[in-house]
Every structure is written in C-alpha cells, then in structure tokens.
Amino acid sequence: MYQIMSKKTLAPAIHEYEILAPKVAKKAKAGQFIILRVDENGERIPLTIADYNREAGTITIVFAEAGYSTKKLGKLNAGDAVQDFVGPLGVPSHVDKFGKVVMVAGGVGVAPVFPIAREMKAAGNHVVGIMGARSKNLIFWEERMKEVCHELLVTTDDGSYVRKGFVTDVLREYIEKEGKPDLVMAIGPLPMMRAVANLTKEYGIKTMVSLNSIMVDGTGMCGACRVTVGGETRFVCVDGPEFDGHLVDFEEQLMRSRKYKAEEQHALNRGGCGCGGGGKCHG
Amino acid sequence: MAKQIIPKKHPMPHQDPQVRAKNFDEVALGYTEELAVAEAERCLNCKKPLCKQGCPVGVDIPEFIALVKERKFDEAARVIKRTNALPAVCGRVCPQENQCEKFCVVGKKHEPVGIGRLERFVGDYIMNKEEEIEKSEPTGYKVAIVGSGPAGLACAADLARWGHSVTIFEALHTPGGVLMYGIPEFRLPKRIVQKEIENLKKMGVEIETNAIIGQIASLDELLNEEGYDAVFLGTGAGTPYFMNLPGENLNGVYSANEFLTRSNLMKAYRFPVSDTPIKVGKKVAVLGGGNVAMDAARTALRLGAEEVYIVYRRSRAELPARLEEIEHAEEEGVKFLFLTNPTRYIGNEEGWLTGLECIKMELGEPDASGRRKPIPIAGSEFVLPVDIAIVAIGQGPNPLLTKTTPDLETNKRGNIVADETGKTSKEGVYAGGDVVTGAATVIKAMGAGRVAARSIHEYLMAKGPKKN
Chain A
1 MYQIMSKKTL APAIHEYEIL APKVAKKAKA GQFIILRVDE NGERIPLTIA
51 DYNREAGTIT IVFAEAGYST KKLGKLNAGD AVQDFVGPLG VPSHVDKFGK
101 VVMVAGGVGV APVFPIAREM KAAGNHVVGI MGARSKNLIF WEERMKEVCH
151 ELLVTTDDGS YVRKGFVTDV LREYIEKEGK PDLVMAIGPL PMMRAVANLT
201 KEYGIKTMVS LNSIMVDGTG MCGACRVTVG GETRFVCVDG PEFDGHLVDF
251 EEQLMRSRKY KAEEQHALNR GGCGCGGGGK CHG
Chain B
1001 MAKQIIPKKH PMPHQDPQVR AKNFDEVALG YTEELAVAEA ERCLNCKKPL
1051 CKQGCPVGVD IPEFIALVKE RKFDEAARVI KRTNALPAVC GRVCPQENQC
1101 EKFCVVGKKH EPVGIGRLER FVGDYIMNKE EEIEKSEPTG YKVAIVGSGP
1151 AGLACAADLA RWGHSVTIFE ALHTPGGVLM YGIPEFRLPK RIVQKEIENL
1201 KKMGVEIETN AIIGQIASLD ELLNEEGYDA VFLGTGAGTP YFMNLPGENL
1251 NGVYSANEFL TRSNLMKAYR FPVSDTPIKV GKKVAVLGGG NVAMDAARTA
1301 LRLGAEEVYI VYRRSRAELP ARLEEIEHAE EEGVKFLFLT NPTRYIGNEE
1351 GWLTGLECIK MELGEPDASG RRKPIPIAGS EFVLPVDIAI VAIGQGPNPL
1401 LTKTTPDLET NKRGNIVADE TGKTSKEGVY AGGDVVTGAA TVIKAMGAGR
1451 VAARSIHEYL MAKGPKKN
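Protein sequences appear in the order of chains A and B.
Going by our numbering, the first sequence opens with residue 1, and the numbers climb by one from there.
Going by our numbering, the second sequence opens with residue 1001, and the numbers climb by one from there.
No lab work stands behind these hints: they were computed from the structure.
Each hint should be verified, as a subset may be incorrect.
[Unchecked claim] Cross-link-like lysine-lysine pairs, in silico, DSS-like; alpha carbons within 30 Å at most:
| no. | chain 1 | residue 1 | chain 2 | residue 2 |
| --- | --- | --- | --- | --- |
| 1 | A | 23 | B | 1403 |
| 2 | B | 1009 | A | 27 |
| 3 | B | 1109 | B | 1008 |
| 4 | A | 97 | A | 136 |
| 5 | A | 261 | B | 1282 |
| 6 | B | 1102 | A | 26 |
| 7 | A | 26 | B | 1467 |
| 8 | B | 1135 | B | 1052 |
| 9 | B | 1283 | A | 261 |
| 10 | A | 27 | B | 1201 |
| 11 | A | 23 | B | 1467 |
| 12 | A | 136 | A | 8 |
| 13 | A | 8 | A | 26 |
| 14 | A | 97 | B | 1403 |
| 15 | B | 1444 | A | 26 |
| 16 | A | 71 | A | 121 |
| 17 | B | 1423 | B | 1202 |
| 18 | B | 1008 | B | 1102 |
| 19 | B | 1360 | B | 1423 |
| 20 | B | 1009 | B | 1444 |
| 21 | A | 23 | B | 1201 |
| 22 | B | 1052 | B | 1195 |
| 23 | A | 26 | A | 136 |
| 24 | B | 1048 | A | 23 |
| 25 | A | 23 | B | 1423 |
| 26 | B | 1142 | A | 23 |
| 27 | B | 1335 | B | 1360 |
[Claimed, not checked] Partial list, computed: chain A residues near chain B (C-beta under 7 Å):
| no. | residue |
| --- | --- |
| 28 | 22 |
| 29 | 23 |
| 30 | 42 |
| 31 | 65 |
| 32 | 66 |
| 33 | 86 |
| 34 | 222 |
| 35 | 224 |
| 36 | 252 |
| 37 | 260 |
| 38 | 261 |
| 39 | 265 |
| 40 | 267 |
For glycine and all other residues, C-beta sits at the position ideal for the given N, C-alpha and C.
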C-alpha cells in the first residue's frame, strides 16, 4: 500500500495528492508518469507526474474527478493509501538549452507542465508559460508556475479571470508580438493539443505534446496506447508519452480515446467506471 | 511380464462444452484418487525412462508415478518438487504430447500414460497441505530475480533451496507473469498460481511487486549499490507483435496480450464489479493459431461473443497450439478459418472496426520451418464481418530493461543473448525463458530458470564464503 501524505483540493473536483513511494520518487523525472490502482478491484490509472520530492520520498499527482475510477480516487484522504503505485514510466522530457521555450497548459495539464517548465528553466532556457482553463475557479498552481516561468500568461475561456480566450489565442498573439520561440510544449486535452500543434505548424515551430492515452500495464505489454506518429505505430507508454505534435494523428487518438465511453456510462450508472484509463476520467 | 495395458488414458472429467463456454470455471476437473491410481497402473516403470528425457525440468516421472500407484501421494509430491516447483501449474499447461508423453513407451502401441494428468493430480493433492520445506544453511549471498513468471519462479525456488537470499522484482501488481495475465482462469485457476507462489514465499523468497527494474534501479545499481551478488533476468516475451496492416489502430483491434490481460489480470470479465472494462462485440476474429490465440478465442466466447473465428494462414495440421486446446476450442464452438490470411481492417466513420479483409491461401513447398509455405490465391479476397479482432501472432521481448543496460548483449530481435548455462555478456547476470528464446512454453522457461539457478549457484560458490 502507498500512503497519501497530503491532499489538497485545488479546484472543484480537482485534487492534489502527495503519495509516499520512495523508490519511484528517487528516479522520477519531469515528463514521466505513474500508474496507480485505488483498490483490489481498481483499474490501472495512468497519471503524469506533477512533482516529486526525493528527500520525502513522495510523488505529487493532480487529477480531475471525471469517471468512476477518478471519483473513487478523489474520495480518499490524507492518511489513506492506494493499493498499487508503479513508476516512473515512460521516457522523461527531453530537456536541453533550446533558447526560448513556451509551455502551454490546458486545464489539469498545468500539473505535468510544471516540473518540465522548472527543468527547462534550470537548463538555462527563457521559459514562457501559457495556462488556460474554462473558468477562474479551475485555475490552480498559478503561483507555482510563476516561480518556474520568466513570463506567465493566463487566460480563461469565459473571461472570468485575467482575459477571455483559448490558450491558442494567447500563443498566437505572443508569437506575433515576440517572434517565434525555439520550442513549444503543450499538455492538456487532446483537442487543445491538436489546436496548438496546428497553430505552430503554420509558423514552423517545433512542438512536443504529452499524450494520455488508454493504457493497461504501461510497460509496453498490451498496446492499448497505440498512436500513429509520422505514419508509424508507436506505444505511448514506452515510446512516449511525449511526441512531435506535428506528426501525431490526433483524429485517430480522439477516436481511440472514446473506446470505452459506453462502458464508462454503464459503470457510472451502476457504480463502476469503464474508461479503461483514458480520456475523461483520468484528467 | 504379461501385463494387460488399458489402451487409452483414463479420461479426465470435464465441464460440459455447452455449459463451460459460458463460464470462467476450470474446464478440466482433474482425476479423483481412484482415477489417478488406475492411470498410474498403466505405467511400465521402465528401467530407462524415456519420458524423463522429454521433460525440460527432468522430473523423475516413473518414480513419482510408482508412488501414486501405492497411494503415497505426499511422497510422490516430494519427488516432483525436487525438480519442479510448480506441479499444479505444469500439469495443466505443459504441452505433454510434445514432451514426456511423446517418449512414453506405452505410447508406442497405445495412448501414452497420462503423465500431465497425474502430475496435476499430485500437485493439487499437495497444494493445501502444510509442506515441510527443506532448506540449506543460509549462504549470505543475495540474488535478484527480475520477473515473476515461470522462469523467475523456478529459478527462485532452486536458489532459495540452496540457501541464497532471493528477491523477485515484478513490474505488475500481482506476481506470476504470464500465468496471471496471459493464461485464462478456465485453463489455469489463479488461486492455484497464487498458492504455488505462497509456497515459494514460505521458502523465504521475497517478492516485490510494482517494481520495474530498469526504471526504479538499473542492473548496475542492483549489483553495485543494493548489494545483490547476482541477477537473473526472466522478463519474458511481453511485447505484442502486430501485422502492420492498414486499419490496425481502429477501435476494436486488440493485441491478444491486452485482451487477455484485461480479462485475466484485471478481471474485466467481472465488470463492473471490477473497474476495468473490455469490448467483446458479437463477432470476433482471432488472428493466429497458437495457444494464445486459442485462449483469446475461448475467452471471447465466455465473455458473450456470438461467433468467434480463428483466422490462420496455414492448415489444421500446422496449428502450433496444444492439441487439447484446439479440441476444447472446437467443442466450445470456435470456428476455424484455415488457409486464410488477413490483409486489412475495415472501419466505419467513428473509427470502429466493421470487418476484416482476408485472402485465401494454398500450401506450397516447405519453408525454412519445414512447414509448407502458405501462398495467397490471387483474387480470393473476402470480407469477414467482425466488430472485434484480436491479434495473436506472437510476442517479442520487452525492451524496458535492455534499453537501460547497454552492456547487456541482445540479438537483432531484442532477445538477451545467453549461453546454454544462462550466462549473459554481463558479469553476474544470467537470463532465461522467453526473453532469451522468444515466446515458447511455461515449462521451457522453467527449465531455463533452473539451469540458470544452477549456474548462479556455482558462480557464487566459486567466490567462497560470503564476506560482509
């Protein structure tokens, strides 16, 4: 069992847990993910690492309650424990001195963006953060992001905080005004990452996205997380989760993310999820 | 000796095919004591037992069967366990027709002795009894085993018996490897696997689950920082192969690994009691003809599919699956499309599979494998309407560990290179099972695990007493 050392509710139905897993914390790097199971009947839920504390031996995860499994996870409190917790999985972010890097975070995507931005800054890049959410009450970690970004631009879809607009609106304005950055990295819902990739393609800016596909084992064993990148099938779990956003077949990913929609509904109605680790319920 | 031999094996009671095709309970129910003794009577107890040479772990077959004949079941178990840590598992999943039973002298004229069935009987008999565990004095040496499948478990059993301190690292949340995620409940009940693993723990073997070597620690860290004196790699063949056909990423196309892992390890067949879902559909095509294909097809039937097809490019004679699995699949209503090869997947606008385009094949001259090579018949394409396709054409080695260990030699296919003693290119590191040979059988992996255990033991003993 892996103990929840602290719980913060960051926004309605969005929680931050610090989970005690010293061996994972010792090796975790920005961009990697973990898989957890809440209990004996639980699904294996993949979540990108939001932070790690090697001294305390903890991994921070942030998730939105959406489906049965994440709702079940959200019911736990500090002092409770999850049944299983494995990682770090996937390839860490490629961090180097690129020059100017724009980190685009959509919704809960701000959590996995945070440690990558921190590493990018430490590597000597000029880091620009763009974070967006549907509404003011869904904005979190703004202060933390400020610490790891030289510039931070915030936007809300409904204009309830700072300004109205999508992250792509802010990104386009920024590029028009400040010129092309050397790298863009986008993490958030698939349609948002697709929109960012489409935009940066126009400008010819290298863009990485982090995929959160349906998975089972997370170690390259099952192939549930297949994605077409540049015409070739790759596994998100072991080849990713980060890929060149201009090469990812987002249409296919969107279709694949809906694979267990019917089961998810069935489970929610009866009290069992069904999303299989992807899309909606695992934020 | 004019002894009348009953020409056929005593049949093992089975669940009725109509009934079992709808449940996940075990198909074969096992011998009673009476049946076991009667079957044991068929054994000639040959002076030069050929059966034993067919066994990858060298079980003393006539010796244990003679003890069954005398109803000394505990002693029979002790004989088997000298060389096989998992008799209840092997009695169920070994391809005996290609191993021990192939060489059985009785089998020359009649059906061979039901060695597998007897092993299973003894394994089950002893399972729930408190066993005395024979162990040597602790040597002080620590061995890490990566992977808790058949190779790792067999290796751990021998090393623990010889007094070494053994820790098994398992990537998944439950130990057992393919015995847990791959082979279905109806063929190998999971309580039996866990019970056999419990017995290993009683021998002092430690098992750490959720531990991916290569991610939480490199091999060098295990050897240099965490104090292990040797490592055995039994990481198996866990990476599914696909056919690289158009449409393979449509929703509804599964690897057999995913389909079986969802059902077996994640218990998706109990959804929504279990949280993990599985798509079954009405019509299912399984691509391939091995044991994994049979397992996937029979699982799909049990999950409620109306029609399940095995699509295989060669003919019935070339099916690589165990004979018993093929017969069971047929009895349960799985349909076989022989000399048929998939060419592409067809989907609808929402990205769901609607059909599998196939081409008819004919057999030509024998190929490198000695089997007649299937050749497509031009213009014979047809579409098999299916909503689920399960690709069961084989698995390769998992690259997670080798990727982080550049000084570990691998071959073109990514398999770890090891000599016949299990020794790899890296000092103190041994390997065996599917990660070395490519996907094979449970018992061959166990055999390789035992060979490596012997090599590790000799390697450690050559160092002299452990210094602290």
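Evaluated hints:
Straight-line distance between C-alpha atoms of residue 23 of chain A and residue 1403 of chain B comes to about 19 Å, which keeps the hinted pair within the 30 Å bound. Of the pairs offered as hints, the one joining residue 1009 of chain B and residue 27 of chain A is violated, with about 56 Å between alpha carbons and a cut-off of 30 Å exceeded. At most 30 Å may separate the alpha-carbon atoms for a hinted pair to count; residue 1109 of chain B and residue 1008 of chain B meet this at roughly 10 Å. Proximity of residue 97 of chain A to residue 136 of chain A is assessed by CA-CA distance (about 33 Å); at most 30 Å being required, the pair is judged violated.
As the CA atoms of residue 261 of chain A and residue 1282 of chain B are separated by approximately 18 Å, the hinted pair is consistent with the 30 Å bound. Pair hint residue 1102 of chain B plus residue 26 of chain A does not hold up; C-alpha atoms about 52 Å apart against a cutoff of 30 Å. A C-alpha spacing of about 29 Å is found between residue 26 of chain A and residue 1467 of chain B, which places the hinted pair at or below 30 Å, so the restraint holds. As the CA atoms of residue 1135 of chain B and residue 1052 of chain B are separated by approximately 25 Å, the hinted pair is consistent with the 30 Å bound.
Using a Cα cut-off of 30 Å, the hinted pair residue 1283 of chain B and residue 261 of chain A holds, with the two alpha carbons roughly 20 Å apart. For the proposed pair residue 27 of chain A and residue 1201 of chain B, the alpha carbon gap of about 28 Å is at most 30 Å, so the pair holds. The suggested pairing of residue 23 of chain A with residue 1467 of chain B holds, with an alpha-carbon distance near 27 Å, which does not exceed 30 Å. At roughly 18 Å between alpha-carbon atoms, residue 136 of chain A and residue 8 of chain A fall within 30 Å of each other, so this suggested pair holds.
This hinted pair checks out: residue 8 of chain A and residue 26 of chain A have alpha carbons roughly 23 Å apart, not beyond 30 Å. For the hint linking residue 97 of chain A to residue 1403 of chain B, the alpha-carbon distance of about 25 Å falls within 30 Å, and the restraint holds. The suggested pairing of residue 1444 of chain B with residue 26 of chain A is violated, with an alpha-carbon distance near 36 Å, which exceeds 30 Å. A C-alpha spacing of about 34 Å is found between residue 71 of chain A and residue 121 of chain A, which places the hinted pair above 30 Å, so the restraint is violated.
Simply put, residue 1423 of chain B and residue 1202 of chain B have alpha-carbon atoms about 28 Å apart, close enough for the 30 Å limit, and the pair holds. The suggested pairing of residue 1008 of chain B with residue 1102 of chain B holds, with an alpha-carbon distance near 15 Å, which does not exceed 30 Å. Between residue 1360 of chain B and residue 1423 of chain B the alpha-carbon distance is near 45 Å, which puts this suggested pair outside the 30 Å criterion. The straight-line distance between the Cα atoms of residue 1009 of chain B and residue 1444 of chain B is roughly 25 Å, inside the 30 Å bound, and the hint therefore holds.
The straight-line distance between the Cα atoms of residue 23 of chain A and residue 1201 of chain B is roughly 22 Å, inside the 30 Å bound, and the hint therefore holds. Among the hinted pairs, residue 1052 of chain B with residue 1195 of chain B is consistent with the structure: their alpha-carbon atoms are about 26 Å apart, no more than 30 Å. For the hint pairing residue 26 of chain A with residue 136 of chain A, the CA-to-CA distance comes to about 35 Å; that exceeds 30 Å, so the pair is violated. Between residue 1048 of chain B and residue 23 of chain A, the direct Cα distance comes to roughly 53 Å. Violation of the 30 Å bound is thereby established for this hinted pair.
Taken as a hint, the residue 23 of chain A and residue 1423 of chain B pair is honoured in the structure, with Cα atoms around 28 Å apart against an allowance of 30 Å. The hinted pair formed by residue 1142 of chain B and residue 23 of chain A meets the criterion: a straight-line CA distance of about 19 Å does not exceed 30 Å. Annotation: proposed proximity of residue 1335 of chain B to residue 1360 of chain B holds, straight-line Cα distance about 16 Å (limit 30 Å). For the restraint placing residue 22 of chain A at the interface with chain B, the shortest Cβ-Cβ distance is roughly 10 Å, beyond the 7 Å limit, so the hint is violated.
Proximity of residue 23 of chain A to chain B holds as hinted, the smallest CB-CB distance being about 5 Å (cut-off 7 Å). Taken as an interface hint, residue 42 of chain A checks out: its beta carbon lies about 5 Å from the nearest beta carbon of chain B, inside 7 Å. Hint status for residue 65 of chain A: violated, given a least beta-carbon distance of 14 Å to chain B, over 7 Å. With a cut of 7 Å, the hint placing residue 66 of chain A at the interface with chain B is violated, because the nearest CB-to-CB distance is about 14 Å.
A cut of 7 Å between beta carbons decides the hint on residue 86 of chain A: the least distance to chain B is about 4 Å, and the hint holds. For residue 222 of chain A, the shortest C-beta to C-beta distance to chain B is roughly 4 Å, which falls under 7 Å, so the interface hint holds. Contact between residue 224 of chain A and chain B, as hinted, is supported at the beta carbon level, the nearest pair being about 5 Å apart and thus within 7 Å. At about 6 Å, the closest approach between the beta carbon of residue 252 of chain A and any beta carbon in chain B falls short of 7 Å, and the interface hint on this residue holds.
Taking 7 Å as the C-beta cut-off, the interface hint given for residue 260 of chain A holds, the closest approach to chain B being about 5 Å. At about 10 Å, the closest approach between the beta carbon of residue 261 of chain A and any beta carbon in chain B exceeds 7 Å, and the interface hint on this residue is violated. Contact between residue 265 of chain A and chain B, as hinted, is not supported at the beta carbon level, the nearest pair being about 11 Å apart and thus beyond 7 Å. Annotation: interface hint on residue 267 of chain A holds; nearest CB of chain B at approximately 5 Å, less than 7 Å.
Hint violations for this structure: numbers 2, 4, 6, 15, 16, 19, 23, 24, 28, 31, 32, 38, 39, all remaining hints satisfied.
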